[in-house]
Amino acid sequence: MTIVELVLILVRGLGQGAIFALIAMSLNVIASASSILNFAVGALMVLAGVGAYMILPSDPTLFGWIMAGLLIALGMGVFGFLQGGLTLIPLKSSVEQHSWLITTMAVSIIIGAGIHLFGGSLAFRVPSPIPPVTIYSTTTPTAYLLLIVLAVAVYLCLKWFHSRTYIGLAMSAVAQDLDASKAAGINVRRVQLASFSLAGVVLGLTGHIGAPVINISADTGIGYLLSGFTAAVVGGMGNNLGALVGGAMVGVLSMFAAYQFGGIYQDSVTMGLLILVLMIRPEGIFGLAAARKV
Amino acid sequence: MTELTSHDTAARGSFPNVSPLWVGIAVVAASVLIPGFSGNQYWSYSFTLVALYTAVAVFQNILMSEAGQFSLGQGVIFGVGAVTAASLTTLFGYPYWLSAIGGFVAGLLMGALYAGPALRVQGYYLGFVTLSAALVFPQLVIAFDSVTGGVNGVPVYVGALVTPIVGTLTPLSLLAIALAVGALSLHYVFPKTRLGRKMIVSSVSTESAQSLGTNPGVIRFIAFLIAAAGTALAGILYVPLIGFVGPTNFRVDFSVLFFLAVIVGGQGKLLAPILGIWIVYLVPNVLLADFSHLRLMIYGLVALFVMLVFPDGLVGSIEKWWTARRPADTRTSFSLQDVFDALPETAGEGAASQDDRPLVSVRGATKYFGNAVALDGAGLDIRQGTIHGLVGPNGSGKTTMLNAVSGFLKLDSGAVRLFDHDVVAMPAWKRARLGLARTFQTPRIFEALSIRDNIRIGAEGHGGAQNSGFMEALATRDLPWLDRNPSLLPHGQRRLLEILRVLESDAPVILLDEPAGGLSAEERKDLARLLVHFRDKIGKTILLVEHDLSMVWQVADDITVMELGTVAAQGAPDEIRNDANVKKLFTGV
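Residue numbers (our numbering), protein chains in the order written: chain A, 1 to 294; chain B, 1001 to 1589.
All clues stand as given, with none of them false.
If you anchor each label on the Cβ, the simulated ranges turn out as follows:
hint, chain 1, residue 1, chain 2, residue 2, range
1, B, 1152, A, 1, 29 to 35 Å
2, A, 164, B, 1371, 27 to 33 Å
3, A, 264, B, 1029, 40 to 46 Å
4, B, 1101, A, 263, 33 to 39 Å
These aren't lab readings, by the way, just hints derived from the structure by calculation. Just so you know, even glycine gets a beta-carbon here, dropped at the ideal spot from N, CA and C.
Build the full structure now, drawing on both the sequences and the hints.
Here is the structure:
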């Protein structure tokens, strides 16, 4: 393998890994406030990409592109809020504590089916306002670099948010002890809805910024979901630093697999990594082994 | 865990007066036979396929409800069976029956592959692993095109199976009915079998299963194999029915279909898979065939709608509504006098082999949780045929000690001997089989089982075949409460029920974790009487962890007092009563 190939795999792998890391962080944001894993995160990100396709002209200006991004982030925030509401309804009454699994999975299917109705089974191509850059004589779409910046920025913002803002602190409190938070007067339902919204905003930004390099089509959401989940598990479920590291690992590894063996093996390699981590160290790199209760 | 099964006990009242099994068999058979005899090619084909899918969903239902295993990848097992059978037939030229055996074995191997991760992780983690398999499977079918036919797929024609007997009824239709009916019958009988009960116990509480001598990992493995066997059979019958097998037949949503069908129908309900497959498969694919582009959309909307409106699934919600109309039993209780009457008296064997070596012996037990010390070199000996009280303030290490003896906790250092075996490295379920039974602070009562079965599972732990004969003695009396559902028992009786289970196990050593907690004064008296009876009349050896000091002093032969992970005092009740260390810890002993 030449140095150029190595750079190519690393840069694109890290860029792709940033997508996985951002999905993993969205999973973490919701899971920490509600113990719900939102199966629709992959589809939501792809949906944001479709939004970018619809809004952006074929030759967007930088200003228009930024405005579109804000609009999509806002829209996905609202979408996340609504989906959260839908997911939380049956949890009030049902004995079926896993209802969230069905409702989020159903929303994922519905989004995919909607995209299919809108655009068939073809992938959407979204233009980039910024021309590609050349690193070590390899042409790299700027979206990969922007995604890496976005992942780090989101990580820092979440860190600040969870430790400095009231609603962020409330989320951390709910994550640690639900009953104590209720007793302390936190409106748990509102905090959980906020977490769905926040994840929606993150996914909206990811889908918009990554649109030129994301595979935007009806059935790709689930693949992104699994890669994002693998990133979260590798890093340690609930740990955003872990998501960042795990995302990078999954991204580079699957890019390497695609380069070495062909794109068709990309998901297989990710699955192999997921199984390997679950078998050897289920708590992930940064996770703590949960104390066993008897 | 959620509600498991409810078709099993008469306790719920006779919901449908007809057994749901016969309803299921009639529906499946009629749906295939009627179009078959009337010669309707299209409906014959559709309902034969629906029967195969129903069988897969039934096995998914068993896997989810009885075994508590969460798989989103059953379609892969189906696909592995189908692709293997098709390739062997068409690409490699083997006869179909031989290829079908190959497909069946391949499906079983796939099931065993799922069981691997299931030994380590549970719940949605397992769901994600199996979902990734569902995502990757069609890709691998394409990638290994030399053995699978790749993107183009493999055509298969098995004349003997698809030639009509009458009308459009083929031998294949009959096989599909047989498979679906067999699956339904298995699910109907399964919770009443020994393995079924073990599976239910393991899925609700792995600790409880281990304390009953069951290795939950083995049970999970068996559950995956059973589900894989049924699913692979459906897969190999699918091959001649559909006549063409390719990667597009088994996309992710194919696996999710079976999962959603069970949920939409109502997890754990016998008829749920039939109704579920009709709604999530038949309606969008066949009845709304003109809207095939809306198929996935309908599928998602139906799942969402059912979850929001009928959170227990359709069959579950109907059953709930039905039972709500009937006057329900508000309370069940059992009579302890019945129990005392049936208690065996076999003190002879136990007491005869009296020797001085303790049955349980712990030395220098040390355990840290992070920086906090739970056990700091504590030890104790339990003599045969005695009640050994273990007391101490909260956090002194009593329950940790009990867990160290029963194997639920790995000591940092120290020795544990049980019946003169070194058991430090032995898992809990093996220790249980040596003859150790225990209860938990929160009683582990299984509401999917009747009171009778809740007691009977005790005998399925220790040694296997042995039991105390207590259950048989009870069964000869006509006691209506035996077949009731334990969900209606008051708290105190739930505890007693767990203790009766331990008795039925015939284990010589019994560990009780705060059995008197939450009991009334009256119930405490009954409990003390029961313990003394166990020791004096049946020859049991008991470790009693308890906060009710007056009860401990009343029944125990030896007492160990713990403080901060160490033994503060040890000896006969009368000696300890005046010990200065003990007086410091408790006032008013």
